[in-house]
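Protein chains in written order, with this note's numbering: chain B, 1 to 141; chain R, 1001 to 1137; chain C, 2001 to 2099.
Everything labelled a hint here was simulated from the structure, so no lab data went into it. Fair warning: there could be bad hints in the mix.
Straight-line distance between alpha carbons at most 27 Å, and here's what the computed DSSO-like set of lysine-lysine pairs gives [as the list claims (entries may be wrong)]:
1. C/2040 to R/1008
2. R/1097 to B/90
3. B/141 to R/1133
4. C/2059 to R/1133
5. B/114 to B/134
6. C/2059 to R/1008
7. B/124 to B/141
8. C/2050 to C/2040
9. B/114 to B/90
Keep in mind the model is a prediction, meaning the values are calculated, not measured.
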Amino acid sequence: MSTVGLFDQTITLMQKVMDLRLENQQAIASNIANADTPGYVPDHLEFDQQLQQALSNEETQSTGDTPGNPAFFPIDGAGGIEAVQPKVVKDAQQSLAGDGNGVAVDQEMVDLSKNEILYEAATKVLSKKFGLLKYVVQGGK
Amino acid sequence: MDIFQTMKIGASALQAQQVRLNTISSNLANIDTTHTPEGGPYQKKDVIFEPTTLSFDQSLQGAVQGVQVAGIVPDPAPPRLVYDPNHPDAGPNGYVKMPNVNVVEEVADMISASRAYEANVTTIKSATRMATKALEI
Amino acid sequence: MNDITLVNHLNTLSSPQQQAGSQASGGSSFVDAIKEAVDKTNQEQLSADKAAQDLGAGKTSNIHQVMISMEKADISMRLMVQMRNKVMDAYNTIMNMQV
């Protein structure tokens, strides 16, 4: 009996999402902190594409007796979700400010809120899933 | 990879903006100072910011940077000349050299610094909320 | 005589388990499957403990990682305990059978 099968792809994904969003928060915070620094080029992290790719990879890998049902096959996430790395993208657009600073603070603030909400959403999903597992394990009590 | 890193970045910015506000304050306070111990009128001070690497996280490739004050330098703009022959600091031709501080510029700068300060406080609060929510897993 | 019958009986009972258990452990007895489960659960407890200690001592500040490890350890332990209860119930049922 292996516990790998207990914790499905969604849980692995949420864990990865939380890691990525934590790093993203740092990148956005850096941009906001350097909003007045001359010559500063803001950095953005991209990982949505990679995550979607990893998800669809895992689905195509799990063709077995029940195709397209990843939760039942304890796939080691080494090549899939767990290997996703964020891509650092520097803003290509030329800054309009005279001092060469390229940070759009209002956009960064919006990104900050969005990132935080998605992090907290992942937290919530995880706690619901764990709650459900506990309920099931204890036989409905 | 660390939630506290986010807070440190915000804190570094708070510190830098504080220095900037203090400098602006000093400029405004000395807007009419016509002589200083170094001789000549008060010179407007400018704050120079530069990014500082707080930690080198391999996966982020140096994208994590706080901000620090590189230096406080006197503004090279020439002093304003005001004609007032009766002023004790008047030059030979009756002109007094007044500080090169422009009230409007300073106030605009002050508003910008306050806004930046608030934005970074929001960053820190947001990081705190994220960490607290993570504890509720 | 009773004991031998009991072991045989348990082995017969455990043969449907063989197909389920073999995909994970290849073990052919119930005891092996239980042992593996206990080991895995223990591993999870240890790593959760280590994560908590690191957080407490300031070695790491990755809060969500620690919380997730602890939850996983919690769930595996609960599952373990339930399995134990079921095994005890099965054992008691067998022991109470009139031979």
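Going down the list of hints, with the structure as the test:
With a CA separation close to 38 Å, the supplied pair residue 2040 of chain C and residue 1008 of chain R exceeds the 27 Å bound. Using a Cα cut-off of 27 Å, the hinted pair residue 1097 of chain R and residue 90 of chain B is violated, with the two alpha carbons roughly 46 Å apart. The hinted pair formed by residue 141 of chain B and residue 1133 of chain R meets the criterion: a straight-line CA distance of about 26 Å does not exceed 27 Å. Using a Cα cut-off of 27 Å, the hinted pair residue 2059 of chain C and residue 1133 of chain R holds, with the two alpha carbons roughly 21 Å apart.
Restraint check for residue 114 of chain B and residue 134 of chain B: not satisfied, since their Cα atoms lie roughly 30 Å apart, outside the 27 Å limit. Proximity of residue 2059 of chain C to residue 1008 of chain R is assessed by CA-CA distance (about 17 Å); at most 27 Å being required, the pair is judged to hold. The suggested pairing of residue 124 of chain B with residue 141 of chain B holds, with an alpha-carbon distance near 21 Å, which does not exceed 27 Å. Under the criterion of a C-alpha separation no larger than 27 Å, the hint pairing residue 2050 of chain C with residue 2040 of chain C is consistent with the structure, at around 15 Å.
Restraint check for residue 114 of chain B and residue 90 of chain B: the C-alpha separation of about 20 Å stays at or below 27 Å, so the hint holds.
Hint violations for this structure: numbers 1, 2, 5, all remaining hints satisfied.
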